[in-house]
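Undergrad: Residues per chain, in single letters:
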Amino acid sequence: MHRRTFLKLAGIGSLSVAVGCTSDPDKKLYSLVHAPDDMVTGKATWYASTCRECPAGCGVVAKNREGRVIKLEGNPLHPINQGKLCMRGQAALQGFYNPDRLQKPLRKNEDGEWRAVPYREAIAVFREKLTDAAGGRARMMTEVVGTTTEQIMGELMAYVDSPPPLMFEPYAYEALKTANRITFGIDGLCSYHMEEADFLLCFGADFLETWLSPVEYARKFKQMHTVREGRKNLFVHVSPWQSVTAANADQWLPAAPGGETAVLLGCIREALGARNGGELPGGIGPALHDLSEAYTPERVAELSGLSIDAYRKMVRLLLNAKRPLVLGQGVGSAGDDALATNVAANLLNMILDPELKRFDFVHRHRVEAAARRSEVYDFFNGLKDSDASLLLLNNVNPLYALPPASAAAGVMAEKDLFVISFSSFMDETSAQADLIIPVLMPLERWGEYGGKTGLVSTLQPTTGRLFDAPELAQLLKVMTLPPENLPEKLPRIQSMVQNRLTEAGQIQGKQEWLRTVQHGGIFAADAKPAETAEEEKGSSISPSKDAETSLRNVFRNAGNRTAKNAGPVFIAAPSLRFFDGRGANRPWLCEYPDPLTKVAWQTPVLMHPDTLAENGIRQGDIVRVASEWGAVRAPAYAFYGMAPDVAVISAGQGHDGFGQYAGGKGANPFIILPYEPEPVSGAPSFLLSPVRVEKTRKQLPLAHTDGNKTQHGRKIALTVGLEELRQHDAHGHHEKHGFGMHEFPFTLPLPEGYDPHRDLYPPREYDYRWGMVVDLDRCVGCGACSVACYAENNLGIVGEERILEGREMSWLRIERYHKEDQMEKVTFFPMLCQHCDNAPCESVCPVYAPHHSPEGLNNQIYNRCIGTRYCSQNCPYKVRRFNWFTWQWPSPLNLQLNPDVTVRSKGVMEKCSFCVQRIKTAHDSAKNEKRRIYDGEIQPACVQTCPTDALTFGNLADKNSRVRRMTDDPRAYQVMGYLNTKTAVIYLKKVVQEV
Amino acid sequence: MAKLTHAQIDNTVLATLSPPDRTYWLTVAGLFIGAFIGLCCWIYQIFVGIGVGGQNNPVAWGTYLINFVFWVGIAHSGTLISAILYLFRAGWRNPIARAAETMTVFAVMTAGLFPLIHLGRVWMVYFMIPYPNQRNLWPNFTSPLMFDVIAISTYLTVSALFWYTGMIPDLATIRDRSSGFRKKVYGVLSLGWTGQFEQWRHYIRGYLFFAALATPLVISVHSVVSWDFGLGIVPGWHSTIFAPYFVAGAIHSGLAMVLTLMIPLRKLFHYEELITMRVLESVAKTIILTGMIVGYSYITEVFIAWYSFNPVEQELFHWRMFGDYGLEFWIMFTCNVIVPLFLFFRKIRTSLPALMVISILVNVGMWFERFVIIVGSVAHDFIPHAWGLYAPSMIEYGIMFGTFCMFFFLFLLFVKHMPSVSMTEMKEALNSGDGDVHE
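Quick note, the sequences are listed as chains A and B, same order. Our numbering puts the first sequence at residues 7 to 1001. Our numbering puts the second sequence at residues 2 to 440.
Accuracy of the hints is not assured; some may be wrong.
[As the list claims (entries may be wrong)] Straight-line alpha carbon distances no greater than 25 Å define the calculated DMTMM-like cross-link-like pairs of lysine to aspartate or glutamate that follow:
hint: 1; chain 1: A; residue 1: LYS421; chain 2: A; residue 2: ASP662
hint: 2; chain 1: A; residue 1: LYS715; chain 2: B; residue 2: GLU316
hint: 3; chain 1: A; residue 1: LYS721; chain 2: B; residue 2: GLU302
hint: 4; chain 1: A; residue 1: LYS671; chain 2: A; residue 2: GLU700
hint: 5; chain 1: A; residue 1: LYS701; chain 2: A; residue 2: GLU861
hint: 6; chain 1: A; residue 1: LYS825; chain 2: B; residue 2: GLU302
hint: 7; chain 1: A; residue 1: LYS715; chain 2: B; residue 2: GLU199
Calculated from the structure, these hints are not laboratory results.
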């Protein structure tokens, strides 16, 4: 080789090393030249808005960082949810940032293929079709919307001389509405002052999960159902299967499906007997007497399958209660007799308390605006027969939610009907449309939605827009204006809302409007009382004129259902996680395991273990549940909270499309439901009998996150009897001595907890010592805390396969324990890092990655972690989570990530940090203001969102803090305290009472 | 049997160093490929994440640590044989000491790989080294894993030096008998050994002290490894019996591995005269002893769980025996405790096939012992809700296969290039007229 060649080659080589091998892509930091006024980098801004994930209409405040919404929390001012939010509300973010969200309008061509078109073109098509449909040929179906939007929709339909829009909700509470009409003369959904009751008797209404307004009722329920001065009110639940609500009852009584009415009529009989029934208005007393006469305890027991003793006890408690409240059926077990049950429940309330003090007829639930199922069927049937040429759909999915026998699919397939879907997802219904125009989602638009009558709750954009999409209400409004001279400034929804409120006299001037938006609505403190409230309540509560006939009609078949039933009964229950299916494409909701089965990502069919055994079915076998309308396949799950011969499938999954997290997962129970609505109320049946339940040859391993259903006698989730608690000496309650598993001392993670006989290392001194108190008596197992944690702390979504492998990442899990000798008794038990003072994880890490902070936190230093996983092995609570892979957030889900929390990569351990980022923020503001951190100033995400206030966070070192005072409760204990870990998470025993 | 002469010993041992045939190289190449497959699996794991293995929550430790403990256990008996039995003047150890020591060194090397393979972020492993740094961050010396780092590295260093020291006179013999390039290599390796009296005097003294120094390590290394578990609070781990239990188990597996290696070696290299049946029998008898110690430990564990009245422990041990991993437990118990009892029969312990089968079974049993302890404890610990099972993945099997290949690859290379029986010590035994070696 020549010298020159060598130099050349060497030069090329070194150059290519220097230039060609940079692995990092360019990273640029852009600074904002003109930042918006309300945006400071690194500082969150909060916008009040309204949650639109279900018709309840909770208020939210959205945390916005650098223009992106990253977290939703309940709006503390909002009267419905008072600062709390359920898991579906938390997951609204993942609807907004969903990777499957449509970004462009799509138009279907002749061959049925989708083609993206610009908005301009899509809107032009919309206008053209609308013009064509003038003269009464347009139809519209929408989800339940706020009054302003409803008005605009009405105007649009009037503009083309068409009928007003139909509000479709799969769960429209027809039976309850009709029952209210018959008994109270109000065709609507009153709300309940559940918190004032001292005895709650419920026949299936799942008010902790989906029924009417779950966050509100969860709160009210726990206000009622908590220990106060040694007393706790009772909650008895009678239903064919145990929902989360039923699992929270003091006593759950399994009733044969359809037997609830018999129980209620029996109760009416006893109540009438006890109170003489003469006070009943509308002269229905005698009729009722006749109707209920036959329901002797023996007959009730026979019809419902309840034990006669339990029934008698229940009746005695009911009649002795001072302020009883009876709730009828929810959607969960609503069959043909749902109306009868609800009517009977209303009547029973009337007999027990003629003044109906726990009913609120003023603040009625907005979902009452939803059309009855019979009207929905008529809508589609009408479409088939009419000459309608345009169908507008707003965020509804009837092709998923309606039984296949409905006309919906056929109608939408018709050539001469042009279907426009204003949806952001390619769900079953959108897939059958001709044009999809994605519109702004609730988190990025203006609007108004009051979850209850008389309540003004506003929506405002909480985030920068992801895609260029129109606001639906505005688009519809513009359509009613002549296209040739559109105003310079298009009509704005916020102005319309403002005008409407001003006209109604609820606000005056811009200042009040601004305050309304800032507060998220007009609430009690600044609301002007609705004028007609008292008057309305007083005058209108009376049974409808034909009540007596109605009653006879309604109860004609009462109780006979069970007799005629031969064969398994199938129930399609609403899902705590997916509601009616609209949440199925939100990864958090899929990933969070069902509270009762602990199965994630899948839809099992729940049956009693004995029923399974009788049919030779094992858990995990795929079972085919068939009716004359269809068949559904799902893996069997042995669940103890079931009446015999009942099969339950939760709704929500089993989508054909809808997106990567929903498609092909689970099963849809709606497809085997009958078509015929109940004739009086127009309610669909979610209960079906008989069905055929057959075992197939296939199996599906269940992706459940629980290792075992019981505690095996260990001291983990403890309960205490009410009597025992009463007798407990309030002083000296904590065991001071003992070393064994069954009598260990209660040891706070403080210098006071130091005992030279038990401790090797000297005590730690604390200024702040963060700790949490978990009141098991208040925990209802709804899982909102866990999903809030996913949202706040950037937890990875691992998917079905990884959950099967045991790799879920939840920092906070709700353990569900059945009582060993009474498997239908369930305790929910939130488990998170206990932030031990003697942490077993800290001592075994070779590199100090788990680090004990001066404030007692057990910090995990991700950068230091090398992944030996010894900490996890040695953690007795098994709360540590390892990053087995680098988890992915498909764009734009990544935009939701909390910038204050590290996104962990593969190979490091993680776990609950007590939301250390929030603690740091509180420290910063305290330091700026030269003060100490207030008690209650810091709320980790789980504590913040808990609808029942089961979690309390604070400084244990401060003797006056709430957490510290709560540790004096005789119910306080530490999980496996005998290990001397000195946990900073203190549990309060669940108080149980025998009925 | 005729008495061996010095020349016979030299000739027999040196004959093994003759240029190997094709089969040998094919085997070596095959093993290399096997090791390479393991390496590829590891590289894949590093790039994708530990999740390619089967570990999960709660069983965060899987085959990597099972194999770690397994190989450390194997590594045990090398030094036991060469150091402790040397001090006890047990002459029957001389013919197998070299092979056992070699096994030790390679087993420790193999074992040492596993903690690295196990790490979630192996590229950060230097955090475990106490190097000075600006942030004053030190490793945590209270962590049993730090004990491990120190114990294993010490053991590797000492056993390698001991092994090498013992080889020096033999290397000089090879140097003297070879020519050309080989002579140069062995010349360097033998460190100028001439066999002078002064050299021998220092050497013998040095070797004795070395043996004395290495002896505590035999006990300490596996005790320290056992503390990885014993110092944890996991039920099934948290027990004071662990150190002696692990040491006995380690010797048990190590002796079995010695048999597994020596029996084919004896056959292939015609060592029948050096490694007599008497030697193998002695090893077999020791296996009976260690097997009974191990069996005693198993029973003690169960007894303590019952006697403690601790429901967690009781439940765990009941589950171990009759639960999801019951099969593994009974494999362990049978192979480690029942099978070695057959060695009580002279007929069995003098039959080479039987010895071979038993030694392999003991190794299998010892592997399952580590499985039962490591996986079977956390899978079923304090919180029933968190219970979970574990099964190794293909990647883990690949890595396991690769490391076994690596071990045999190294061992095979060694026996053809280095003296696999210590000529020096064989001759010493002749001179001292130790009846234990030859009858």
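Undergrad: Evaluate each hint against the coordinates.
TA: Structure-based check of all given hints:
Under the criterion of a C-alpha separation no larger than 25 Å, the hint pairing A:LYS421 with A:ASP662 is consistent with the structure, at around 22 Å. In summary, the hint linking A:LYS715 to B:GLU316 is supported, as the alpha carbons are separated by about 15 Å, within the 25 Å threshold. At most 25 Å may separate the alpha-carbon atoms for a hinted pair to count; A:LYS721 and B:GLU302 meet this at roughly 23 Å. Using a Cα cut-off of 25 Å, the hinted pair A:LYS671 and A:GLU700 holds, with the two alpha carbons roughly 21 Å apart.
Using a Cα cut-off of 25 Å, the hinted pair A:LYS701 and A:GLU861 is violated, with the two alpha carbons roughly 56 Å apart. Between A:LYS825 and B:GLU302, the direct Cα distance comes to roughly 30 Å. Violation of the 25 Å bound is thereby established for this hinted pair. Taking the CA atoms of A:LYS715 and B:GLU199, the gap is near 75 Å; set against the 25 Å cutoff, the hint is violated.
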